[in-house]
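Under my numbering, the very last position in the sequence shown is 439; numbers go up by exactly one each time.
Treat the hints as calculated values from the structure; they're not laboratory data. Where is the CB? At the ideal position from N, CA and C, for every residue including glycine. Watch out, some of these pointers could steer you wrong.
Here are the simulated DMTMM-like pairs of lysine to aspartate or glutamate, each with C-alpha atoms no more than 25 Å apart in a straight line [said to hold, decoys possible]:
#1 Lys52 - Asp439
#2 Lys351 - Asp312
#3 Lys351 - Glu59
#4 Lys351 - Glu392
#5 Lys351 - Asp435
#6 Lys351 - Asp439
#7 Lys52 - Asp314
#8 Lys52 - Glu386
#9 Lys351 - Asp58
#10 Lys351 - Asp384
#11 Lys52 - Glu346
#12 Lys110 - Glu392
#13 Lys110 - Asp435
#14 Lys81 - Glu252
#15 Lys52 - Asp301
#16 Lys81 - Asp208
#17 Lys110 - Glu397
#18 Lys351 - Glu397
#19 Lys351 - Glu386
#20 Lys81 - Asp242
#21 Lys110 - Asp396
#22 Lys81 - Glu93
#23 Lys52 - Glu349
#24 Lys81 - Asp204
#25 Lys81 - Asp244
#26 Lys110 - Asp188
#27 Lys351 - Asp314
#28 Lys52 - Asp312
#29 Lys110 - Asp96
#30 Lys81 - Asp254
#31 Lys52 - Asp384
Just the calculated beta-carbon pair ranges, DEER-fashion [stated by the list, open to error]:
#32 Thr107 - Arg330: 43 to 49 Å
#33 Gly262 - Thr385: 54 to 60 Å
#34 Arg131 - Pro310: 23 to 29 Å
#35 Arg84 - Asn187: 20 to 26 Å
#36 Arg362 - Asp244: 30 to 36 Å
#37 Ser331 - Gly267: 29 to 35 Å
#38 Asp312 - Gly152: 46 to 52 Å
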Amino acid sequence: MKHRGRHRRRRRGRALRATLAGTALALTAAATLISASQATVADAPGALKPVAASDEAGRLPLAEHRVPGRWLDRLASKMGRPVGVGAVLEGADRPLRNAADCSTAEKRSLPVEPAATRAYCFGGSDTRGWRAGAVTTSGDADDDGLWGGNRVILSGWTRGAAGGSMDGPAPGQGLAKVAFVDANDPGALRYTWALLAVPVDGGRDYRGLVSPLSGMVWYQDKLLVTTREGDRDALYVYDMDRIQRATVESDAVGRVRGGWAAHGHRFVLPAVGSYTLPRGGDSSRPATVSLDRSTSPDSLVASEWVPADGDRHTRLWRYALSRDPARSGLLTTDLSGEAAPVEAFETKTADVRGVLAHRSGWYLDRAAGSPGGHGTLWRQDTEGAGAPECGTDETRHCWSGGSGSLSYWEATGEVWSQSGRTLFALPLTSIDRALD
Numbered sequence: 004m005k006h007r008g009r010h011r012r013r014r015r016g017r018a019l020r021a022t023l024a025g026t027a028l029a030l031t032a033a034a035t036l037i038s039a040s041q042a043t044v045a046d047a048p049g050a051l052k053p054v055a056a057s058d059e060a061g062r063l064p065l066a067e068h069r070v071p072g073r074w075l076d077r078l079a080s081k082m083g084r085p086v087g088v089g090a091v092l093e094g095a096d097r098p099l100r101n102a103a104d105c106s107t108a109e110k111r112s113l114p115v116e117p118a119a120t121r122a123y124c125f126g127g128s129d130t131r132g133w134r135a136g137a138v139t140t141s142g143d144a145d146d147d148g149l150w151g152g153n154r155v156i157l158s159g160w161t162r163g164a165a166g167g168s169m170d171g172p173a174p175g176q177g178l179a180k181v182a183f184v185d186a187n188d189p190g191a192l193r194y195t196w197a198l199l200a201v202p203v204d205g206g207r208d209y210r211g212l213v214s215p216l217s218g219m220v221w222y223q224d225k226l227l228v229t230t231r232e233g234d235r236d237a238l239y240v241y242d243m244d245r246i247q248r249a250t251v252e253s254d255a256v257g258r259v260r261g262g263w264a265a266h267g268h269r270f271v272l273p274a275v276g277s278y279t280l281p282r283g284g285d286s287s288r289p290a291t292v293s294l295d296r297s298t299s300p301d302s303l304v305a306s307e308w309v310p311a312d313g314d315r316h317t318r319l320w321r322y323a324l325s326r327d328p329a330r331s332g333l334l335t336t337d338l339s340g341e342a343a344p345v346e347a348f349e350t351k352t353a354d355v356r357g358v359l360a361h362r363s364g365w366y367l368d369r370a371a372g373s374p375g376g377h378g379t380l381w382r383q384d385t386e387g388a389g390a391p392e393c394g395t396d397e398t399r400h401c402w403s404g405g406s407g408s409l410s411y412w413e414a415t416g417e418v419w420s421q422s423g424r425t426l427f428a429l430p431l432t433s434i435d436r437a438l439d
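Can you build the whole structure from these sequences, using the hints too?
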């Protein structure tokens, strides 16, 4: 199992971090800066407003549901013994382009200030018609940043999702897949795909997950994914030790003549559970999530999506992660099986596409106000708010163009995000220095 030998790997992790620091690529995003009149001091969202998690405004219970174990066992008996992340990485045969080989348009989407220290670009052939939406890493999975001795990045994509929309994919579209990126060699990242699926018919088949991916957290052996399927919102749960191999190369999904297909991909992840919202009520839902290791216990933080012209403030929630070894990677629940937030806030920041919390600060990635523009990265706490400034006109539209989810790799001190086909990282300390 993965968790054995954690302390032996920690020493290797420190050496690797030193190597990465010495080989980090300094990048300057080529960008046309937007007028400062669009991001003046008056636009600052101010301090976070604490909301009692028991109040109606702060209450957002998530009901836990498990896929019956016999369903998963039945599926495995038909498809073959499940594999883990290491087996998937062995099939990582698609190279990510290094920053020097990214196009001018791809580089233009990078943050202006602070600049990314590393950037990589996916190819066009297997991402055309797909939209990137979520990032998590083995830095979330384990505190030494490694999983089975590997450095791994997961990048979530949705087929045909409308550009920038949080409302869901168009009918007939929306299959979700995850790129498993082998990041052991910082100069030569490689990846392969796994399709996200949901078991059906008692585990005799599976269907594709049809939802935009706007947030992911890989914690211990579980992957938590924000989803919106029809009128139901949920956090789907996947087990990283229950990855199945597809046996038939076909555009179909599920059981086909001669075996099992995953829309042309070699691996498929069947869901093992979900957290659902109560029916009725308002439209609150966790639209993007990330992991916070600065709390005790570790916690999942979530932000809803409220459009810029919305009539209410955006809410933020924090959920405790379980310390029970029998519930690895899952949220803490009460006797009724519900996970209630342990902390909640309201913020005036709208159109939030990424959320990150570390110590007392919350980092909120606000989307650009116009196509081709740059977003804003706000850091807020209960005392105030700030955002990096850039350009001679001191605009605050300095963050990435196609705003995406945020993930903090504590072992290396890096924040990872993605803008379109461009995956990038920069130190959290550089963000804080830009704010100071």
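Keeping to a limit of 25 Å between CA atoms, is the pair of lysine 52 and aspartate 312 held or broken? Given that 25 Å is the threshold and the Cα spacing comes to 20 Å, the pair holds.
Verify the proposed pairing of lysine 52 with glutamate 349, using a straight-line Cα cut of 25 Å. holds, 5 Å
Holds or violated: lysine 351 with aspartate 384, Cα cutoff 25 Å? Measuring from Cα to Cα gives roughly 12 Å; hence the hint holds.
Under the criterion that the straight-line Cα-Cα distance not exceed 25 Å, is the pair lysine 351, aspartate 312 satisfied? Answer holds: lysine 351 to aspartate 312 is near 11 Å, not above 25 Å.
Holds or violated: lysine 81 to aspartate 204, with C-alpha atoms at most 25 Å apart: holds, 13 Å
Would you mind confirming whether the straight-line C-alpha gap from lysine 351 to aspartate 58 stays at or under 25 Å? holds, 19 Å
Please work out if lysine 351 and aspartate 435 have their alpha carbons no farther apart than 25 Å. The hint holds at about 21 Å.
Holds or violated: lysine 81 and aspartate 242, Cα atoms, limit 25 Å. holds, 18 Å
Under the criterion that the straight-line Cα-Cα distance not exceed 25 Å, is the pair lysine 52, glutamate 346 satisfied? holds, 11 Å
Is it true that aspartate 312 and glycine 152 lie within 46 to 52 Å of each other by Cβ? holds, 48 Å
Lysine 351 paired with glutamate 397 [C-alpha distance capped at 25 Å]: Between lysine 351 and glutamate 397 the Cα gap is close to 21 Å, so the pair holds against 25 Å.
Please work out if lysine 110 and aspartate 396 have their alpha carbons no farther apart than 25 Å. holds, 22 Å
Checked against the numbered hints listed earlier, the structure breaks none of them; every hint is satisfied.
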